[in-house]
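Q: For reference, the chains in residue letters:
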Amino acid sequence: MGIADIQSTHSRRELLERIRNRAERVIGDRGRVHDPRFWSERISHMRRLFKNPRGTPTKSVPSPPPAAIITLNRLGFGPRPGEVAEFNSLAGSDPARLEAWVDQQLDPMSIDDSLCDSKIGAAGYTTLNKSLAQLWQDHVASSPPWNVRLQPYYEVERATILRAVWSRRQLLEVLADFWHNHFNIYGPDSWAAPVWSHWDRVVIRGNALGNFRTMLGEVAQHPAMLYYLDNYTSSSAGPNENWARELFELHTLGADHYMGVIRQDQVPIGPGGIPVAYVDDDVFEATRCFTGWTFDFDTGLFEYRSDWHDHFQKNVLGTYIPPNQPALVDGTVVLDQVASHPGTARHVATKLAHRLIGDNPEPGLIDDAAAVFEAQSSAPDQLAQVVRTIVLHPTFLTTWGDKIKRPLEILGAALRAADGRFTFALDEDDTGTLLWRYDQAGQPLFAWRSPNGYPDRKDDWQSATPRVHSWRLMNWLIDVDDPGGTYRLNVLGQTPSQARSANQLADFWINRVFARPIPSEERQEIVEFMAQGHNPDFALPVDSDSNTQDRLRAMVGLIFMSPPFLWR
Amino acid sequence: MRHPTRRGFIVGSSIAVAGIAGSRFPSLAFAAPDATTNDEVLVVVFLRGGMDGLNLVVPISGADRDIYETARPNIAVPLSGSDSALPLDGQFGLHRAAEPLHNLYQEGKVAVVNATGMTEASRSHFDSMEFIERGTPGIKTTPTGWLARHFASADNVPAEIVMPSVSVGNLQATSLLGNHDTVNMADPDSFNLQIGPWEWRNAQRIALRHMYSGDSTWLHASGLQALDAMDIVELNTSGSYTPANGAVYPSGSFGDGLQVVAQMVKLDLGLRVATVDLSGWDTHVDQGNNGAGYFSSLIGILAEGLAALYTDLDGVGAANYTQRLTIVVQSEFGRRLVENADRGTDHGHGNALIVVSGNAVGGVHGTWPGIGPGQLFDDADLAVTTDFRRVLSEVLIRRMGNNHLGYIFPGYTDYEPLGVVAGVDIPPDYSTTGDGLFADDFESGGTGSWTTTSP
Chain A
15 MGIADIQSTH SRRELLERIR NRAERVIGDR GRVHDPRFWS ERISHMRRLF
65 KNPRGTPTKS VPSPPPAAII TLNRLGFGPR PGEVAEFNSL AGSDPARLEA
115 WVDQQLDPMS IDDSLCDSKI GAAGYTTLNK SLAQLWQDHV ASSPPWNVRL
165 QPYYEVERAT ILRAVWSRRQ LLEVLADFWH NHFNIYGPDS WAAPVWSHWD
215 RVVIRGNALG NFRTMLGEVA QHPAMLYYLD NYTSSSAGPN ENWARELFEL
265 HTLGADHYMG VIRQDQVPIG PGGIPVAYVD DDVFEATRCF TGWTFDFDTG
315 LFEYRSDWHD HFQKNVLGTY IPPNQPALVD GTVVLDQVAS HPGTARHVAT
365 KLAHRLIGDN PEPGLIDDAA AVFEAQSSAP DQLAQVVRTI VLHPTFLTTW
415 GDKIKRPLEI LGAALRAADG RFTFALDEDD TGTLLWRYDQ AGQPLFAWRS
465 PNGYPDRKDD WQSATPRVHS WRLMNWLIDV DDPGGTYRLN VLGQTPSQAR
515 SANQLADFWI NRVFARPIPS EERQEIVEFM AQGHNPDFAL PVDSDSNTQD
565 RLRAMVGLIF MSPPFLWR
Chain B
120 MRHPTRRGFI VGSSIAVAGI AGSRFPSLAF AAPDATTNDE VLVVVFLRGG
170 MDGLNLVVPI SGADRDIYET ARPNIAVPLS GSDSALPLDG QFGLHRAAEP
220 LHNLYQEGKV AVVNATGMTE ASRSHFDSME FIERGTPGIK TTPTGWLARH
270 FASADNVPAE IVMPSVSVGN LQATSLLGNH DTVNMADPDS FNLQIGPWEW
320 RNAQRIALRH MYSGDSTWLH ASGLQALDAM DIVELNTSGS YTPANGAVYP
370 SGSFGDGLQV VAQMVKLDLG LRVATVDLSG WDTHVDQGNN GAGYFSSLIG
420 ILAEGLAALY TDLDGVGAAN YTQRLTIVVQ SEFGRRLVEN ADRGTDHGHG
470 NALIVVSGNA VGGVHGTWPG IGPGQLFDDA DLAVTTDFRR VLSEVLIRRM
520 GNNHLGYIFP GYTDYEPLGV VAGVDIPPDY STTGDGLFAD DFESGGTGSW
570 TTTSP
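The listed protein sequences derive, respectively, from chains A and B. For the first sequence, the working numbering begins at 15 and goes up steadily by one. For the second sequence, the working numbering begins at 120 and goes up steadily by one.
Please keep in mind that the hints were generated in silico from the structure rather than gathered at the bench. By construction, the Cβ of each residue, glycine as well, lies at the ideal position given by its N, Cα and C atoms. Mixed in with the good hints, there may be bad ones.
[Unchecked claim] Pair by pair, the computed Cβ-Cβ distance ranges are:
(1) ASP498(B) to PRO469(A): 30 to 36 Å
(2) LEU198(B) to ASN161(A): 40 to 46 Å
(3) THR346(A) to LEU198(B): 31 to 37 Å
(4) PHE326(A) to THR532(B): 42 to 48 Å
(5) GLY209(B) to PRO282(A): 54 to 60 Å
(6) ASN329(A) to GLY181(B): 37 to 43 Å
(7) TRP160(A) to SER199(B): 36 to 42 Å
(8) ALA389(A) to ASP498(B): 37 to 43 Å
(9) GLY209(B) to ALA461(A): 42 to 48 Å
(10) PRO469(A) to SER201(B): 39 to 45 Å
(11) TRP160(A) to GLY181(B): 46 to 52 Å
(12) GLY365(B) to TRP160(A): 34 to 40 Å
All chains should be modelled from the sequences, with the hints used to inform the complete structure.
A: This is the structure:
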């Protein structure tokens, strides 16, 4: 903090005090609702805010909540009613419950997901299960209208939210989101959208709990990625390094293992005779290895063009690749090299820990997870084992508040807690409006343009736009479709008839949304909002007065906008 | 009364109260601007993806022209025809689609700096952006952005400023990371809580403020920041906005974003710094032949946007905002000299940087390293001859009046003005520990902790 901030602290206080005086005059004269606490608190907290810039906690974060809350909010999209009790019944201690829950989730096919399947079925999607060839035929080769061309993207976008809300395979949903961002592609692109359901179903979901090398191989040969990172056009006569560069920097070793523009022989050699990092020369050499990896624009299927391939010898990450190798060998060697590099193990483990625990995971946790990644490099469930190592680490249940929900998690958690029943059908107006509003919060699904995926540090999600537009989305959810029409969330219908006082109404919905008590200061605000100056134990005319009904809905909106709702 | 139909909002917003009383902030006028006040506005436009500066600022004569044409047989900007380059001087021309910018150049309002960038070589988009926006080449873990440290060290920014900075877009720019006063906003018209049951909006907003005041974690602080930002924007942006002087912003988010900046400047909320992004510059494939195509249309959006912002703010008297406006246009790196087989360009190194200002020293600046054999970086890319921090430092000192370079750009110690903007030179302060800046316990705050990662 510098001089400017110190001065502004002082002078803003004056400013606010003047405003307060003016406000008391203006509002007081009109006899409007006036809460003197508002002004004094505002000033004292403005002071505190100036002393403590954004991103600098003045105290540590909230104490960790019960294991069920941590688990269901971090490894899922928040609890549906009843799920906390279900979690707690799994075993006799928190670590044992966590382990039992995780092991169930890591075997998703063992979990009955028929309810979610029925929701997906009811939405009437037609492209989710098509083969790549079929998608290409129906959505590209037949030159359909534009909305048909993009239909697979739109269906996956909607199905993804439906699954977040309804699927019992919650960890798979969280990991699918993770891997979509790890191997980010801009989905609405006219060449990615037609094959999006194949990318999502086969490459991402099919491997999210599988083997990294297998996944990488499918990524490298998928038309959506070949197009997005330009490798489809890379030939010996005209190599294009875009794919090779992001393969190293984002998909495998990561920028922490990039030594820039120095020569290969200047890179220190690590254990096993492997260079500890990659340099631009490795990118260029790898680019040559992938020349001729393209796809057929008539079928959408991967194609290796020997006549485009650079057949001469290469040297990637200290491995010599002789000239004139059989088809695909050069690129396959590169994928083997990068997938097994210790830097990749650390890079992937670190990113997973950032997603599943917090921005500052314990170094020992990364060591453990990276070791499992390396040791299990051939296992068909390598990634499941890495995830298991991370989430069963003791710090999983002892850390909280190093992260907040991103917009997708906010939307998912709200719809789960309040049993939102949007159909997410393609042609449903309300779904379209919901997605339009959701997108403004800054995380439109599969629509991050750069190959690095949505940022995953808390710093990136605490600015005003995501906050304001998430709040708006919550208030839209609890509102009415159109005057006299139906409400988007059935708040009244789910409120038990015996809960009628402000205290009861607040406690019912707090328990419904959080499945635990929240800090008393925050609970008190919710109660006071509902009571509006009356005794919070008196019954309110919830059954007869539309104004009170609106207040109850707004109270639920307030709960969704509150700080405790955001922690994860 | 400005919002007779918005009673509900009024009680929840302190700023609105000032408004309903028939008074806007400037008229509260506590501390009249004194001699030490600086009211310059810096707009940083970041071109994300690596803008191909060699096709924006094009060699048009001599051996470099021959080399350029040979290296770029398809995508070179031509010297004749409808897409021909617009001469800047005898040596360089602007891409034809930058004509609106060229018009400003001819009025002396545009400084072009060739071959800028970082001496730390990285061809990674993401590393390079982090290095530049955090202001610490080679270190991407610096916890604050360079513009945040500008605010933290500036001693000439009036204290009563309501909105010192705005970061246009869905997420806050990294250059402002750590600045708690920044308003991050994509669209002022929807930046409010005028949604939900109307009769409870006001009470809900008060409760929301109470809840976010109830604790002092980073989340609570950021929630209050959002509430404050909403208060400010909501009161001040009612009604439609008509750009001045017939300025026409290009359609799309970039033009919209620049218009938001102009709007905020004119509201006299004290705006000092704005960030706006224009993405889509990673032109590995088909960037456009002979001065046309994709790159050309993107340059058109850039140039039209810059010209619209300048025109919109180019009033007379008190409305002559361009006299205190400086726009810096930068990208994370340039692109390779030689076009690739896909008629695109791969990641390069040195790049052109553009400054548009009412106080620009118009012309082409910087040392041109040449693009001949032996002159290229890594035998492939335009070299870097001007550290990007040199240009930014000059703007900071000559326009913003902030000489705390050691704090803003730790590790940068050899500043000399290049002469891209007019202004008074102040000897740079290279103290990196913040000594003299931290008068009391504030130094334990986040912006002070960067020293732990300084080189």
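Q: Are any of the numbered hints broken by this structure? If so, which, sorted upward?
A: Numbers 3, 5, in rising order.
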